[in-house]
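K.L.:
Please build the complex by placing chain B on the supplied structure of chain A, with the hints as guidance.
Listed below are the residues making up each chain.
Protein chains: 2
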Amino acid sequence: MLFEFSTPIQKLDWKGCDANIYVKRDDLIGFSFGGNKVRIAAQYLEDMRAKGCDCMIAYGSTRSNMCRVAANMCCGENIPCYVVTALSEGEELKDTFNSIMVDCFGARIRYCRKDNVAGTISELIEELKAKGYRPYYIFGDIYGKGNEDTAARAYEKAYKEILDFEKESGVSFDGIFLASGTGMTQGGLIRGQKKHGGNARITGISISREREPGIKAVAGYAAEPAENIDFNDEYRLGGYAQYDDEVRLVINDMMKYHGIPMDTTYTGKAFAGMLKWLKKYGSSYKNVLFIHTGGTPLFFDGIDVLKKQKTL
Amino acid sequence: MLFEFSTPIQKLDWKGCDANIYVKRDDLIGFSFGGNKVRIAAQYLEDMRAKGCDCMIAYGSTRSNMCRVAANMCCGENIPCYVVTALSEGEELKDTFNSIMVDCFGARIRYCRKDNVAGTISELIEELKAKGYRPYYIFGDIYGKGNEDTAARAYEKAYKEILDFEKESGVSFDGIFLASGTGMTQGGLIRGQKKHGGNARITGISISREREPGIKAVAGYAAEPAENIDFNDEYRLGGYAQYDDEVRLVINDMMKYHGIPMDTTYTGKAFAGMLKWLKKYGSSYKNVLFIHTGGTPLFFDGIDVLKKQKTL
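From first to last, the protein sequence lines are chains A and B. Take any residue in the first sequence, count from 1 to its spot, add 11: that is its number in the numbering used here. Take any residue in the second sequence, count from 1 to its spot, add 11: that is its number in the numbering used here.
A few of these clues could be false.
Identical copies go unnamed one by one, so any copy, or any two together, can satisfy a pair.
To be verified - Distance condition first, Cα-Cα at most 27 angstroms in a straight line; then the derived BS3-like pairs of lysine-lysine:
| no. | residue 1 | residue 2 |
| --- | --- | --- |
| 1 | Lys22 | Lys171 |
| 2 | Lys321 | Lys62 |
| 3 | Lys171 | Lys206 |
| 4 | Lys205 | Lys171 |
| 5 | Lys287 | Lys26 |
| 6 | Lys319 | Lys142 |
| 7 | Lys105 | Lys318 |
| 8 | Lys105 | Lys321 |
| 9 | Lys22 | Lys291 |
| 10 | Lys297 | Lys205 |
| 11 | Lys140 | Lys319 |
| 12 | Lys168 | Lys22 |
| 13 | Lys319 | Lys105 |
| 14 | Lys140 | Lys321 |
| 15 | Lys168 | Lys206 |
| 16 | Lys142 | Lys321 |
Don't read these hints as lab results, they were simulated from the structure. No experiment lies behind these values; they were computed from the predicted model shown.
Only chain A is shown next, with the shape it has when bound in the complex (with noise of 0.2 angstroms):
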């Protein structure tokens, strides 16, 4: 059922930035509308399989990609998936395209409050056993922990991809970026560089924790030590899903005038914070690699965000 290519790697025509900008267009995976998720919830789906397990156990909030795709999969193999999402208090529910598909693909979602995830998890795991079922927790045991190597796999394999680009066309990259949230595709990276070889910085802009946890959650999937790894939580702008007008500007200007659709949560939020990584920091970087990670559906839950360019 899924369908893997090795993603192009586009130059952009980018005003403003001294470096030269590459992306890989990972959002152009064929399966589900792309993006990382794509490659993680197939190594996923190995997994569970490989472990015997014959039910699957996501969890996100209601604008995940992962929640999104892994159901996708899930109801194309017709594999029961549930999904586990944490409301925080008092937060309305709102739907979002990847939710409505989620719900669309057949998966349940069992909501709960931000302090009891392990708790919910813990039961639904329990629940299924007693209906004979063997359930797979895609992040490991009730903490989310132990199956950081399965999904650090997908980035390690795809981090080839971009070392036979580089051989191929010449160009070396002094720094490869991309949202930084879960940790486990820079992490992934971050093993494939160790495996492969090559020189680029891999820093992930974060879209969601701070500094000390953010970094401990990408040393998790690295398998290194947190002084190895490279994490900024200065472009966050107060925590997920929060952005501004620079975040806008870029999905303005990416859309209009490279026709790349990014969104406020993941790409969009990262790429203006890899803009302001590089003026501040960047000075000597010559060619840099934006990882587009997907997320079309929330360009389109975002679309007010387009605003109406001024004829000439």
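P.N.:
Just chain B now, kept in the frame of chain A:
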């Protein structure tokens, strides 16, 4: 600015059809959500420049992928763009993601009655000339004739990718199918086959026109006599933008089991038509290729078509 690559051809594990179905994923072209109109608009832009014009006029409905792509390309290159949209008498104007983006890309939209398209185009051309512009109407003269060669060039070229796939994979297509609307994509493929060879029968599944005007339109782009055009109008379901439960079913199955978005106006409707065509006429067909001509924004407009999958 434009980003093109040879798009992948994917074998679908599609139930309930005797032939092997392959899909050419032109929806994965990495500019403005891809689709056939990216290839075609790129040809228009090149032709416009060659003719020394400096201002583009497109024509299409509020659902038009062509209008979105043309407006996006023009925006990216600072070219003034006008979009003429005809409304039937009493038709209520309803925004789509495509029409919202056309507006955001700074294109000026002019509405007209369906019986006054030529008059409106003519007026607009005169107005622009009076302002010192050299306008370029993508379809040619005010009656929409005369620029068939430019549009057809896009799929004359793309056809080569299909032949290359056949050579590399050893798969030989008995039929190539696609949504046939304006006729420019089908016409281009027919030219490509004449130029490069190959044996597949190229059948347009009409999503709008009846047989006679449909064949005439394709023949114009193909530069072939009408008798050489395979154009089927049995699955047009009453006309443009009309669809039925079988179209809904295709869209559900395609997204849920294959992770591929389709829409009710073009791709989903044509794919459903192809399946019926194959049942009726295609018993000798072993391998068929469906061209996925894009339209991701239309998938999101029609998200209500997705129905909740029964959980296991």
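K.L.:
Give me the numbers of the hints this structure contradicts, sorted from smallest to largest.
P.N.:
none
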